[in-house]
Amino acid sequence: MSPLPKRILIANRGEIAVRIARTAREMGIDPVGVFASGDSGAFHRRAMSQSLDLGPGPAYLDSGRILEAARAAGADAIHPGYGFLSENAAFARAVTAAGLLWIGPSPDSIEKMGGKLAARARMREAGVPVVPGSDGSPGEADSGAELARRAAQMGFPVLVKASSGGGGKGMVRVDRIEDLAEALSETRRVAEAAFGGGRVYFEKLFERPRHVEVQVFGDSLGHIVHLFERDCSVQRRHQKVVEETPSPALDDRLREAMGRAAVEAARAVEYVGAGTVEFLLDERGSFHFLEMNTRLQVEHPITEETLGIELVRAQIEIAAGAALPRAWQDGSLSPRGHAIELRLYAEDPFEFLPRTGRILAWEEPSGPGIRVDAGVGTGSVVGVDYDPLLAKLVVSASSREAAIARARRAVSEWIVLGVETNGRLLAAVLDSAAFQSGKYATDLIASLDRPREGEPPDAAWIAAASALEAPEPASETGTGTSRGPEDPWQVRSGWRPGA
Amino acid sequence: MAARRVKIELEGGRGEQPVSQDGTAGRAVRDVRVGATDAVLDGRLVPARVLREEGAVTAVEIEGVSIPVRTARERNRVFVWCGGRTYEFHKAEAASSRAVRHSAHAGGLLSPMPGRVRKLLVAEGDAVVRGQILLVLEAMKMEHAIRSPRDGRVGSLPFQEGDLVEAGVPVAEILE
Chain A
5 MSPLPKRILI ANRGEIAVRI ARTAREMGID PVGVFASGDS GAFHRRAMSQ
55 SLDLGPGPAY LDSGRILEAA RAAGADAIHP GYGFLSENAA FARAVTAAGL
105 LWIGPSPDSI EKMGGKLAAR ARMREAGVPV VPGSDGSPGE ADSGAELARR
155 AAQMGFPVLV KASSGGGGKG MVRVDRIEDL AEALSETRRV AEAAFGGGRV
205 YFEKLFERPR HVEVQVFGDS LGHIVHLFER DCSVQRRHQK VVEETPSPAL
255 DDRLREAMGR AAVEAARAVE YVGAGTVEFL LDERGSFHFL EMNTRLQVEH
305 PITEETLGIE LVRAQIEIAA GAALPRAWQD GSLSPRGHAI ELRLYAEDPF
355 EFLPRTGRIL AWEEPSGPGI RVDAGVGTGS VVGVDYDPLL AKLVVSASSR
405 EAAIARARRA VSEWIVLGVE TNGRLLAAVL DSAAFQSGKY ATDLIASLDR
455 PREGEPPDAA WIAAASALEA PEPASETGTG TSRGPEDPWQ VRSGWRPGA
Chain B
472 MAARRVKIEL EGGRGEQPVS QDGTAGRAVR DVRVGATDAV LDGRLVPARV
522 LREEGAVTAV EIEGVSIPVR TARERNRVFV WCGGRTYEFH KAEAASSRAV
572 RHSAHAGGLL SPMPGRVRKL LVAEGDAVVR GQILLVLEAM KMEHAIRSPR
622 DGRVGSLPFQ EGDLVEAGVP VAEILE
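Protein chains in written order, with the working numbering: chain A, 5 to 503; chain B, 472 to 647.
Quick caveat, the hints were computed from the structure, so don't treat them as lab data. On a predicted model such as this, the values are computed, not experimentally measured, just so you know. Treat the hints loosely; a few may be bogus.
Here's a subset of chain B near chain A, in silico, CB distances under 8 Å, partners left out [unchecked claim]: (1) Ile479; (2) Leu481; (3) Ala499; (4) Arg501; (5) Val549; (6) Gly554; (7) Gly579; (8) Met584; (9) Arg589; (10) Gly596; (11) Gly633.
Cut-off 20 Å, straight-line C-alpha distance, at most; resulting in silico cross-link-like pairs (DMTMM-like, lysine to aspartate or glutamate) [said to hold, decoys possible]: (12) B:Lys612 x A:Asp389; (13) B:Lys612 x A:Glu196; (14) B:Lys478 x A:Asp462; (15) B:Lys562 x A:Asp462; (16) B:Lys612 x B:Asp597; (17) A:Lys116 x A:Asp80; (18) B:Lys612 x A:Asp256; (19) A:Lys443 x A:Asp139; (20) B:Lys590 x A:Asp389; (21) B:Lys562 x A:Glu459; (22) A:Lys116 x A:Glu129; (23) B:Lys478 x B:Glu534; (24) B:Lys478 x A:Glu473; (25) B:Lys612 x A:Glu308; (26) B:Lys562 x A:Glu355; (27) B:Lys590 x A:Glu190; (28) B:Lys590 x A:Glu196; (29) B:Lys612 x A:Glu473; (30) A:Lys244 x B:Asp634; (31) B:Lys478 x A:Asp391; (32) A:Lys208 x A:Asp256; (33) A:Lys10 x A:Glu321.
Short derived list, chain A residues pointing at chain B, Cβ under 7 Å [said to hold, decoys possible]: (34) Leu65; (35) Gly131; (36) Thr360; (37) Ala365; (38) Pro369; (39) Ile374; (40) Val385.
Backbone N, C-alpha and C fix where the C-beta goes; we use that ideal spot for every residue, glycine too.
With the hints as constraints, model all of the structure from the sequences given.
Spelled out as structure tokens, the structure:
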């Protein structure tokens, strides 16, 4: 194994940048941050030993400026986090070409899993079951008879997708064979505009699937293991909201089979580092490969908590050439208890529309079994340019029942004033009979009854009146939560490439 | 008691028993006075004391029972955490100023969320049909299309591509 890096540039923002910086510090590695000029007050800068100004615009996507910043800071490694450049093979190549350590899978692995169609074909070859569907071959859309035959074979509804799409964009549901050709050409137009083209195909649409993914890890010596599953079925607009492990939907036999399939999937692309293989689990209990995320996953902490391991530490060590820990390979690792992650988003809890503003007060839940990975704090400004994820609450307990009780307790302790969050949605999910029974699917949130608003208690009206009747304080925010003009994160001078 | 009266409204207020007086039907509005040892809510006397630490409200004691609260104020808005939930209130406007504010928006389409104008698909003066996409807002990686509510002609378009837009402001005007 080569020596560990000494200074890692973290090419990200928000909670994941903070989370990576924490592990780096614990390993004696210097965390260096970056920020866009318009994001100079960003919370993640506090976690870094220094942070560099990338300049204006969508800077977190600017590989050239990030590489320049790495050089200027004397970093010897780059961790991309998730999102932004994390699954950009060209960036991974450029990092390596610049003589820096890339903390992620090889660019080849990223590319092989990047196109959904190519990944599906590769998985079929590797013997991994994929969601039934068309192969998107050129000319497929022209052959109406062939399409109709395949779709009829599978049965409707189907989901038309762009191979280059993601995050719920570029997907159209089709219920009738007559609408298929039109949906294919429509999706092709959308893909052209949004993702620069690419092929279009369709998959069988499962009405009430579960979304279960398997964490995998490979090292440069060719070992590949799985680190059990995460159930990510609680979603809104195709985005995950609550995740848990172990999945209440798996028995040992299914868990074993999915773990094996995930390892085969990773082996097919000679995977090194942390990755996640996503499956759809249909109502009959069959699982189908959906895609592989070639990066650290947002919901990785629940795996860390139930296995007592540290995925970011392992990413860094394995990027430096270390072998997978022995305990990961010899089958002695097994989950203890239960963990649930709840994502706190800046959005209306039931309409899911974004919310912005300044966080006037932020008090996190704490106590036994509570971990909060936050990307904001009191005084943080939540704007429109970045992901609405404010923080992740991760609870662990000895049983699923105890974890749910703990999560409800923690959500009610969480004080966020100034920006509306989805806190009430999180409480409603935890309170729902479907979630508590463990028998739920991706339609859980859509089928929730919207909780009654209820009148605020007298104490809330009185507190509100008391706060409002006082003369308005000189500072912008209310008493007890003000943040003076001498905010160090606002005035700290930054470095700018080329300046 | 010498306290001032404050008329406050619950934001997004869909209270179960909304107060209906001077044009506030359907909204949760309360007339509140807070004194040293009691408060009056819409004429109802509640023995209550507001507890503060270093100026910040930390609890409200009602009939001897102390209920933890947190508040944060921003101009005429105040956010309150109480009983595990968060509420937003603001000073209630007089009915007349509310009406004026709403009529100013009569011809316009309001933005449903804060965001950035990602695409402007029409120009002032263009003829449009009902359901046609006029512009696309983007916030936090989510796109939201603003569609014309009827056939007509585009009046004013106050924003350009790349502009920041707040929630609830007019983003397009459709003339008959």
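These are the hints, each one checked on the structure:
no.	hint	verdict
1	Ile479	6 Å, holds
2	Leu481	6 Å, holds
3	Ala499	7 Å, holds
4	Arg501	5 Å, holds
5	Val549	5 Å, holds
6	Gly554	6 Å, holds
7	Gly579	19 Å, violated
8	Met584	4 Å, holds
9	Arg589	10 Å, violated
10	Gly596	25 Å, violated
11	Gly633	11 Å, violated
12	B:Lys612 x A:Asp389	7 Å, holds
13	B:Lys612 x A:Glu196	18 Å, holds
14	B:Lys478 x A:Asp462	14 Å, holds
15	B:Lys562 x A:Asp462	17 Å, holds
16	B:Lys612 x B:Asp597	29 Å, violated
17	A:Lys116 x A:Asp80	27 Å, violated
18	B:Lys612 x A:Asp256	38 Å, violated
19	A:Lys443 x A:Asp139	32 Å, violated
20	B:Lys590 x A:Asp389	15 Å, holds
21	B:Lys562 x A:Glu459	17 Å, holds
22	A:Lys116 x A:Glu129	13 Å, holds
23	B:Lys478 x B:Glu534	23 Å, violated
24	B:Lys478 x A:Glu473	10 Å, holds
25	B:Lys612 x A:Glu308	28 Å, violated
26	B:Lys562 x A:Glu355	25 Å, violated
27	B:Lys590 x A:Glu190	19 Å, holds
28	B:Lys590 x A:Glu196	16 Å, holds
29	B:Lys612 x A:Glu473	39 Å, violated
30	A:Lys244 x B:Asp634	29 Å, violated
31	B:Lys478 x A:Asp391	36 Å, violated
32	A:Lys208 x A:Asp256	27 Å, violated
33	A:Lys10 x A:Glu321	12 Å, holds
34	Leu65	12 Å, violated
35	Gly131	35 Å, violated
36	Thr360	5 Å, holds
37	Ala365	5 Å, holds
38	Pro369	11 Å, violated
39	Ile374	15 Å, violated
40	Val385	12 Å, violated
When the structure is compared with the earlier hints, violations turn up for hints 7, 9, 10, 11, 16, 17, 18, 19, 23, 25, 26, 29, 30, 31, 32, 34, 35, 38, 39, 40 and for no others.
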